[in-house]
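Peer 1: Construct the entire structure; sequences and hints are all you get.
Once you know that position 35 of the sequence shown is 48 in my numbering, the rest is easy, because the numbers rise by one and skip nothing.
A portion of the hints provided could be inaccurate.
Label pairs and their computed distance ranges (CB to CB) [to be verified]:
(1) Lys-46 / Gly-78: 18 to 24 angstroms
(2) Ala-36 / Thr-93: 38 to 44 angstroms
(3) Asn-27 / Ala-76: 19 to 25 angstroms
(4) Glu-32 / Ala-66: 21 to 27 angstroms
(5) Ser-39 / Arg-94: 32 to 38 angstroms
(6) Ala-20 / Thr-98: 49 to 55 angstroms
(7) Gln-19 / Lys-82: 27 to 33 angstroms
(8) Asp-56 / Gln-19: 51 to 57 angstroms
Only pairs whose alpha carbons sit at most 30 angstroms apart, straight line, appear in this in silico DSSO-like list of lysine-lysine [stated by the list, open to error]:
(9) Lys-82 / Lys-57
(10) Lys-22 / Lys-47
(11) Lys-88 / Lys-47
(12) Lys-57 / Lys-88
(13) Lys-47 / Lys-57
(14) Lys-46 / Lys-65
(15) Lys-57 / Lys-46
(16) Lys-65 / Lys-88
(17) Lys-65 / Lys-82
(18) Lys-47 / Lys-65
(19) Lys-46 / Lys-21
(20) Lys-46 / Lys-88
It is worth saying that the hints were derived from the structure and are not from the lab. Just so it is clear, CB atoms sit at the ideal spot from N, CA and C, and this is done for glycine as well.
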Amino acid sequence: MANTPQAKKRIRRNAARAEINGARISRIRSFIKKVESACEAGDKEAAAAALKAAQPEMARGVARGVLHKNTVARKMSRLTRRVATL
14 MANTPQAKKR IRRNAARAEI NGARISRIRS FIKKVESACE AGDKEAAAAA
64 LKAAQPEMAR GVARGVLHKN TVARKMSRLT RRVATL
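Peer 2: Have a look at this one:
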C-alpha cells in the first residue's frame, strides 16, 4: 500500500492514464480492423480510404506513447502492402 501522498497520487493518476491509453489503443485497433475487413472484401477504394484514416491515428498513438514506433511502422507497412496488392 502506498504511504506517501505522492505515491497515492501516482496510483490515482496511473489508473486514469491506463483508462485513457486503453481507449486510445482500442480506437487504433478499430481503424486497423476497418482496413483489414475492406481488404478481405476486395474493396480497394474503401481499403485505401480506411488506410488513409488509420495512418494518422497510428502515428498519434506513437506520439502519445501508447505504441512503439517500430510496431506502428511494421503495421503501416503491412497494411499499405495489402491495400496496394488489391
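Peer 1: None of the hints should be skipped; say for each whether it holds.
Peer 2: Each hint, compared with the structure:
no.: 1; hint: Lys-46 / Gly-78: 18 to 24 angstroms; in the structure: holds (22 angstroms)
no.: 2; hint: Ala-36 / Thr-93: 38 to 44 angstroms; in the structure: violated (26 angstroms)
no.: 3; hint: Asn-27 / Ala-76: 19 to 25 angstroms; in the structure: holds (20 angstroms)
no.: 4; hint: Glu-32 / Ala-66: 21 to 27 angstroms; in the structure: holds (24 angstroms)
no.: 5; hint: Ser-39 / Arg-94: 32 to 38 angstroms; in the structure: violated (25 angstroms)
no.: 6; hint: Ala-20 / Thr-98: 49 to 55 angstroms; in the structure: holds (52 angstroms)
no.: 7; hint: Gln-19 / Lys-82: 27 to 33 angstroms; in the structure: holds (30 angstroms)
no.: 8; hint: Asp-56 / Gln-19: 51 to 57 angstroms; in the structure: holds (53 angstroms)
no.: 9; hint: Lys-82 / Lys-57; in the structure: holds (27 angstroms)
no.: 10; hint: Lys-22 / Lys-47; in the structure: violated (38 angstroms)
no.: 11; hint: Lys-88 / Lys-47; in the structure: holds (14 angstroms)
no.: 12; hint: Lys-57 / Lys-88; in the structure: holds (18 angstroms)
no.: 13; hint: Lys-47 / Lys-57; in the structure: holds (12 angstroms)
no.: 14; hint: Lys-46 / Lys-65; in the structure: holds (13 angstroms)
no.: 15; hint: Lys-57 / Lys-46; in the structure: holds (15 angstroms)
no.: 16; hint: Lys-65 / Lys-88; in the structure: holds (13 angstroms)
no.: 17; hint: Lys-65 / Lys-82; in the structure: holds (18 angstroms)
no.: 18; hint: Lys-47 / Lys-65; in the structure: holds (11 angstroms)
no.: 19; hint: Lys-46 / Lys-21; in the structure: violated (38 angstroms)
no.: 20; hint: Lys-46 / Lys-88; in the structure: holds (12 angstroms)
When each numbered hint is compared with the structure, violations occur for hints 2, 5, 10 and 19.
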